[in-house]
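Visitor: Here is how the chains run, residue by residue.
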Amino acid sequence: MSHHLVVRVVAKLLMPFIILFALYVQMHGDFGPGGGFQAGVIFASAFVLYALVYGMDAARKVLPDGALRIGLALGVLIYGGTGVLGLLLGGNFLDYSVLAHDPVHGQHYGIFAIEFGVGLTVASAMATIFFHFAGRGANLDEMEE
Amino acid sequence: MISTHLPALQIILPLLAAPLCVILRNGTLTYWFAVVVAWLAFAVSALLLQEVNAIGVIAYKLGGWAPPWGIEYRIDLLNAYVLLIVSAIGALTVSYAKPSVDQEIGGDRGYLFYTAFLLCLAGLLGVTITGDAFNIFVFLEISSLSSYALIAMGRDRRALIASYRYLVFGTIGATFFLIGVGLLYQMTGTLNIADLGERVAAVGPNRTITVAFGFMAVGLAVKAALFPVHAWLPNAYAYAPSVATIFLAATATKVSIYVLIRTYFTIFHHDFSFGVMALGDIFMVFAVLAMLAGSAIAIFQTDIKRMLAYSSVAQIGYMVLGVSMATVLGLTGGMLHLFNHALIKGALFMAMGCVFYRTGSVSIESMRGLAARMPWTMAAFVAGGMSLIGVPLTVGFVSKWYLLLAAMEQNLWWILVFLIIASLMAIIYVWRVVEAAYFMPSSAGAPTDIQEAPMAMLVPMWVMVLANFYFGIDTKLSVGVATRAAKFLLGDAS
Amino acid sequence: MEWPGLYNYWIAIFLMVTGLYLVMAPQNLVKKIVGLNVFQASVFVLYITMGKVTGGTAPIIAEGIEVYSNPLPHVLILTAIVVGVATTAVGLALVVRINESFGTIEEDEIRELEEAQEDAS
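Residue numbers (my numbering), protein chains in the order written: chain A, 813 to 957; chain B, 32 to 525; chain C, -10 to 110.
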């Protein structure tokens, strides 16, 4: 679709807003509706749009496979690591109350870290799924012509 | 400090090791890492069993939230016993894996195999350890999704379609279970298994509970591959990579049977499940059919891995048969067979893995004259086969003996007949392989340079074989724990 | 209770049966995955229905509101949806691989190819 000027410009304009919205949903997740799952999907959708408009090769340059793989694993590790941290600080696994002096703050930090891990993994997983499905068949640009 | 967190460690170790494998990405490195983690998980489960033996039920509040609101890991004798089986098989299998995985999957993609393997291990351990009904579903899906990936890694393209069919069946089974959990939650407002047990009894049998009961029975029967909903199993085991077959055959369906026992003895009281709902009668019929049909189909297979898979269908029948009697002896027999069949099928599939590693095939033709070239491997197969048939001094004998005792206690003489018929059929299908390996010359076109399998595979295989004999003679651990777990489940304090 | 009573349950039952039919009837492997999704959607409807409390609002603490819907089924079903997405992704990935190695995604044709391979080996 890279030869459609309007689509190209609009896509480029939309990208920062999509990512900003994803970050809003992510940050809002610890005290209101929102959270890592939704934010991750919105975040990945920005890159899916980019891949659709500019082609797979350009998208892979922005998000290389290696980075996605690390992101996938790192998100799970952040989640688990937060749980283990609670364990090391004397609570049970995934007990966030011990993360700070005040249990309420502790819960706050804990949820924040967990949601960050979830967001990272979901975003990487969504992008990986799309890239691998789209990258396997015919090229997107060729399909249109 | 560590001892109080053992239940959490049991899951954290394999669960967090899996993403680390993705980051490490080196075949050899991830192998050794997976070996260390699997043995650590085994150590944890051994410690847990010891602790449960000493002090009774262990409860672990995840995140510090008190049950029934929070998720609780609750370990009694039954799941400590199943945890030990799963983690022991996991540790032995992964130790055995390297040559086979390098050959069948390729060294550079090997890390993906170990990642999926560890996730599957974490899922199966999670299903077993958790005390929360919804959590069971989540862990069940973690283990299932990773086992679909494991199966699809098989070299034969039919592995893909086998994995796809397993995915469809497995998802339907798990979703049926989920519907049951939802209906129970609707009636009781709780998901904690111990709490559910009390409240379901308090609510009393009504239509919603009955429907939940039915959904869960069907879902778990599919997951456990009980005849006649076993269709996904044979091809999935036949075409999966050797190591994946060993692990899944020895653990995956066992864990489903564990959930079955947990559901019908702890959530629904056994008086309700087996008395009012007559689940025992239904399962008994299917179990006997599974024993006969599974064994009969196994006789006609030319692919030995698929033959063993059909034999698994029959053996699942034995386990469900024991459970369906809902007596202390029957339940002991069923749980013993859970343990023993894991050892038997582990050893047999490990032998097939060695054969496949050297010859690239597991058809009955490729077995011809193999005993001369791979004496240790074929000897292991014979030993495992003897155990499968139930020759005295092997584990197969012990569990069949308990099943016989349980059947006689209830005056179910016809079951005795079918048990013996199924065992005779087992002799036939094991003998076909033994005959080909020991008494037939190798086929004309067969390669002549076949050697014995490498030590890295032989040692774990023979550990498994020797365990078959050790637990056949010294039954203190397996029978002792199974009997006490059965008494605990049936509320029989004596 | 008069007809149709709690109509959400009728929707759930309808979706459940439709989904199961769609898993079994078509030969096309992608359609089966779609059926699986419809089947799972029925469970989502079932769970969300039971979370509703008559007159209750969204479970966010606010002044002057006494009755809240039960948030737990929603959380559970969020998890189940994620599991469903993962299952769909794995299933479709398998279909892509099947298409690459068999050249078809029709089950009857695949079965023929499978049998041919079995006879050959």
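One or more of the hints may lead you astray.
To be verified - Straight-line C-alpha distance at most 20 Å; calculated SDA-like pairs for lysine to any residue:
id : chain 1 : residue 1 : chain 2 : residue 2
1  : C       : Lys41     : A       : Ile923
2  : C       : Lys20     : B       : Met218
3  : C       : Lys20     : B       : Gln217
4  : C       : Lys41     : B       : Gln217
5  : C       : Lys41     : B       : Val199
6  : C       : Lys41     : B       : Arg196
7  : C       : Lys41     : C       : Ile54
8  : C       : Lys20     : A       : Phe945
9  : C       : Lys20     : C       : Val85
What the hints assert, rightly or not - Looking from chain A toward chain B, a few residues come up when the C-beta cut is under 8 Å (computed):
id : residue
10 : Ile882
11 : Leu889
12 : Ser909
Unchecked claim - Partner residues are not named here, just some residues of chain A that face chain B (Cβ under 10 Å, in silico):
id : residue
13 : Gly846
14 : Pro876
15 : Leu884
16 : Asn904
17 : Leu906
18 : Gly922
19 : Ala925
Simulated from the structure, these hints should not be mistaken for lab results.
Note that this is a predicted model, so its numbers are computed, not measured.
Heads up, the beta-carbon is just placed ideally off N, CA and C, and yes, glycines get one too.
Visitor: Going back to the hint list, which numbers does this structure go against?
Guide: Structure breaks hints 1, 2, 3, 5, 6, 13, 14 and 19.
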